[in-house]
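**Q** Use the sequences and the hints to build the structure in full.
Protein chains: 2
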Amino acid sequence: MGDLVSPFTMRLDFQRGVLDSCNNVIQRRLSDMRGMYLDEEATEKAIEGGDPLLYDVYQYDVPFENGQLLVVTSVIQPGKVGDEYYMTKGHFHSKEETAEVYVGLRGQGYLLLETRGGEFKALPVEPGTVAYIPPYWAHRMVNVGREEFIFFGVYPADAGHNYGDIEKRGFVKVLVERDGRPTLLLNPRHEMR
Amino acid sequence: MGDLVSPFTMRLDFQRGVLDSCNNVIQRRLSDMRGMYLDEEATEKAIEGGDPLLYDVYQYDVPFENGQLLVVTSVIQPGKVGDEYYMTKGHFHSKEETAEVYVGLRGQGYLLLETRGGEFKALPVEPGTVAYIPPYWAHRMVNVGREEFIFFGVYPADAGHNYGDIEKRGFVKVLVERDGRPTLLLNPRHEMR
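Chains as they are written, first to last, in our numbering: chain A, 1 to 193; chain B, 194 to 386.
The set of hints was computed from the structure by calculation and includes no laboratory data. Be careful, since some hints might not be right.
Lysine to any residue pairs mimicking SDA-like chemistry, simulated, CA-CA at most 25 Å apart [stated by the list, open to error]:
#, chain 1, residue 1, chain 2, residue 2
1, B, 288, A, 6
2, A, 95, B, 201
3, A, 121, B, 252
4, B, 314, A, 59
5, B, 314, A, 82
6, B, 288, B, 355
7, B, 288, A, 64
8, B, 282, A, 5
9, A, 121, B, 253
10, B, 314, A, 7
11, A, 95, B, 288
12, B, 314, A, 61
13, B, 282, A, 8
14, A, 173, B, 202
15, B, 314, B, 341
16, B, 288, A, 62
17, A, 121, B, 341
18, B, 314, A, 173
19, B, 282, B, 311
20, B, 366, A, 61
21, A, 95, B, 259
22, A, 95, B, 257
23, A, 173, B, 311
24, A, 173, B, 198
25, B, 273, B, 361
26, B, 366, A, 59
27, A, 95, B, 289
28, B, 366, A, 5
29, B, 366, A, 8
30, B, 314, A, 121
31, A, 168, A, 66
32, A, 121, B, 255
33, B, 288, A, 121
34, A, 95, B, 290
35, A, 95, B, 197
36, A, 121, B, 256
**A** Following this line, the structure appears as structure tokens:
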């Protein structure tokens with residue numbers, strides 16, 4: 001039966017995104033995402049200027065076994081690197097046949113998704129949006145608003161993360177600000193494959 | 194790869210519990226739970242008096258495959274059958290090594306849990322409570338408040354439901370009102386096994 005887990009509860013602050021008593025907190029700064037934003041000059045300048053915090057992840061780890069579930073909240077700060085909005089690293093699941101569910105709690109964002117076959121989707125997420133990330137779709141969240149973008153997620157504990165492919169080339173499209181509005185552009189790095 | 198699913202979003206109304214565009218809505222009336230409340234006389238009287246609605250379930254069905262996830266909200270009405278608060282049927286998962294996550298959205302309730310070995314837990318759930326139901330724990334939600342008790346849930350799509358054992362004997366304890374307060378009592382039917 002693997003490691004037994006006892007039932008437990010946590011408090012989720014819908015306005016701050018904090019999961020109290022979670023046992024795995026991750027902070028991503030811009031230096032953790034070097035090379036993932038198109039504008040490398042803006043990236044280096046911002047890192048020298050203080051290396052801004054991009055997002056926090058609060059996760060409750062349970063045994064990474066099939067049947068267990070991981071609960072996670074993420075708080076993406078508002079901001080841009082050059083014209084490109086702050087975003088999460090994005091990943092495929094290592095076990096690609098696993099889904100994920102996100103629930104928007106605060107702020108305005110987009111969920112970017114793509115398959116290995118090159119299919120791409122961008123879905124708006126706001127408070128009350130439940131997004132279904134099916135098996136085999138890489139996923140990344142992007143904050144396009146002026147306040148923190150906060151969402152809750154659940155995914156299978158044996159899913160794992162595969163950042164490698166996305167770190168190298170990014171998604172099919174990038175989400176940038178044009179005339180004050182979020183705009184999808186083809187990612188030149190992706191085409192260069 | 195089984196049936197492919199495309200990414201999609203739904204709207205979750207945190208105040209009403211409704212998942213728009215869900216494809217599986219279940220209504221449970223008291224007649225659907227005959228024999229599950231201790232007071233059989235009160236049960237029959239209430240069924241004759243109009244067969245009250247106990248709860249609604251809104252679920253988005255995806256292929257029932259390992260790795261997929263089911264998203265569900267439940268709305269339990271306030272009320273009692275005799276002294277016993279309105280509750281869900283309660284179940285083990287058919288695939289018992291699967292967990293479930295609940296998030297309280299509105300109202301006041303309790304999550305009752307038990308193992309086949311006779312371990313029992315009762316955890317309060319209110320808005321912002323995230324409850325982890327580990328593998329191998331049967332679970333039931335109970336509305337102990339004066340308004341609707343609403344919660345969101347995610348569980349593995351291959352989990353399945355096993356109502357049989359709980360339908361026959363109930364949980365180790367029942368949640369009844371005593372002096373205006375929710376009180377746990379040993380379930381005499383459970384002891385009679």
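**Q** Of all the hints given earlier, name the ones this structure violates by number, lowest first.
**A** 5, 17, 18, 20, 23, 26, 30, 31 and 33
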